[in-house]
Amino acid sequence: MVKRNRDDLLDLAERLVEYAETEGDKTVTFKTGMARAVLELAKAAPKPRGRPPVKGRDRVQEKVVLVAARSLKKNLIAEGMKKEAAHEKAAKEAAAKLKSRNLADSTVKRRME
Numbered sequence: 001m002v003k004r005n006r007d008d009l010l011d012l013a014e015r016l017v018e019y020a021e022t023e024g025d026k027t028v029t030f031k032t033g034m035a036r037a038v039l040e041l042a043k044a045a046p047k048p049r050g051r052p053p054v055k056g057r058d059r060v061q062e063k064v065v066l067v068a069a070r071s072l073k074k075n076l077i078a079e080g081m082k083k084e085a086a087h088e089k090a091a092k093e094a095a096a097k098l099k100s101r102n103l104a105d106s107t108v109k110r111r112m113e
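Counting in the working numbering, the sequence shown tops out at residue 113, every number present.
Watch out, some of these pointers could steer you wrong.
Calculated pairs, DMTMM-like style, for lysine to aspartate or glutamate (alpha carbon to alpha carbon, straight line, at most 25 Å) [stated by the list, open to error]:
no.	residue 1	residue 2
1	Lys99	Glu113
2	Lys89	Asp105
3	Lys109	Asp58
4	Lys109	Glu93
5	Lys92	Glu79
6	Lys82	Asp105
7	Lys74	Glu62
8	Lys83	Glu62
9	Lys55	Glu113
10	Lys99	Glu62
11	Lys99	Asp58
12	Lys26	Asp11
13	Lys109	Glu62
14	Lys43	Asp8
15	Lys74	Glu84
16	Lys83	Glu113
17	Lys74	Glu113
18	Lys63	Glu88
19	Lys43	Asp11
20	Lys26	Glu40
21	Lys83	Asp105
Read the hints as simulated data drawn from the structure, not as lab findings. Since we're looking at a predicted model, the values are computed, not measured.
All chains should be built: construct the whole structure from the sequences, respecting the hints.
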């Protein structure tokens, strides 16, 4: 399908929907061929990949937990715990606090550095 035809098809579908709305209709009738073409275009649309970005309060909470984990790590090292063991323990506790984010201990450990 040529790009121009795609744009024309989507424009036509949009105009049909707008016309139906202005007329007060709640349903729009498409021919089968047009509906299939619109569905093919919808399937070709880019899909989100990976984790959604962290925004707002969740981002602040994550940073606060990571700072607290770094502080805990320093305290554990000062008490005589080995550096790697302290890092593991602090990361595990931070991951438990960030349970809603579903982050692995290794991810939290990496972000603490």
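Hints versus structure:
Our distance criterion of 25 Å between C-alpha atoms is met by lysine 99 and glutamate 113, whose separation comes to about 20 Å. A distance of roughly 9 Å separates the Cα atoms of lysine 89 and aspartate 105; the hinted pair therefore holds under the 25 Å criterion. Proximity of lysine 109 to aspartate 58 is assessed by CA-CA distance (about 18 Å); at most 25 Å being required, the pair is judged to hold. Between the alpha carbons of lysine 109 and glutamate 93 the distance comes to roughly 10 Å, so the proposed pair stays at or under 25 Å and holds.
For the hint pairing lysine 92 with glutamate 79, the CA-to-CA distance comes to about 18 Å; that is within 25 Å, so the pair holds. Pair hint lysine 82 plus aspartate 105 holds up; C-alpha atoms about 18 Å apart against a cutoff of 25 Å. For the hint linking lysine 74 to glutamate 62, the alpha-carbon distance of about 19 Å falls within 25 Å, and the restraint holds. Between lysine 83 and glutamate 62 the CA atoms are separated by roughly 23 Å; this keeps the pair inside 25 Å, and the hint holds.
Straight-line distance between C-alpha atoms of lysine 55 and glutamate 113 comes to about 21 Å, which keeps the hinted pair within the 25 Å bound. Using a Cα cut-off of 25 Å, the hinted pair lysine 99 and glutamate 62 holds, with the two alpha carbons roughly 11 Å apart. A C-alpha spacing of about 12 Å is found between lysine 99 and aspartate 58, which places the hinted pair at or below 25 Å, so the restraint holds. A C-alpha spacing of about 19 Å is found between lysine 26 and aspartate 11, which places the hinted pair at or below 25 Å, so the restraint holds.
The suggested pairing of lysine 109 with glutamate 62 holds, with an alpha-carbon distance near 13 Å, which does not exceed 25 Å. Pair hint lysine 43 plus aspartate 8 holds up; C-alpha atoms about 17 Å apart against a cutoff of 25 Å. For the given pair, lysine 74 sits about 11 Å from glutamate 84 by alpha-carbon distance, which is consistent with the 25 Å threshold. Between lysine 83 and glutamate 113, the direct Cα distance comes to roughly 12 Å. Compliance with the 25 Å bound is thereby established for this hinted pair.
For the hint pairing lysine 74 with glutamate 113, the CA-to-CA distance comes to about 12 Å; that is within 25 Å, so the pair holds. For the given pair, lysine 63 sits about 18 Å from glutamate 88 by alpha-carbon distance, which is consistent with the 25 Å threshold. A hinted pair counts as satisfied when its Cα atoms are at most 25 Å apart, and lysine 43 with aspartate 11 qualifies at roughly 17 Å. This hinted pair checks out: lysine 26 and glutamate 40 have alpha carbons roughly 24 Å apart, not beyond 25 Å.
Proposed proximity of lysine 83 and aspartate 105 is supported: the alpha carbons are some 16 Å apart, at most 25 Å.
In terms of the numbered hints stated before, the structure departs from none.
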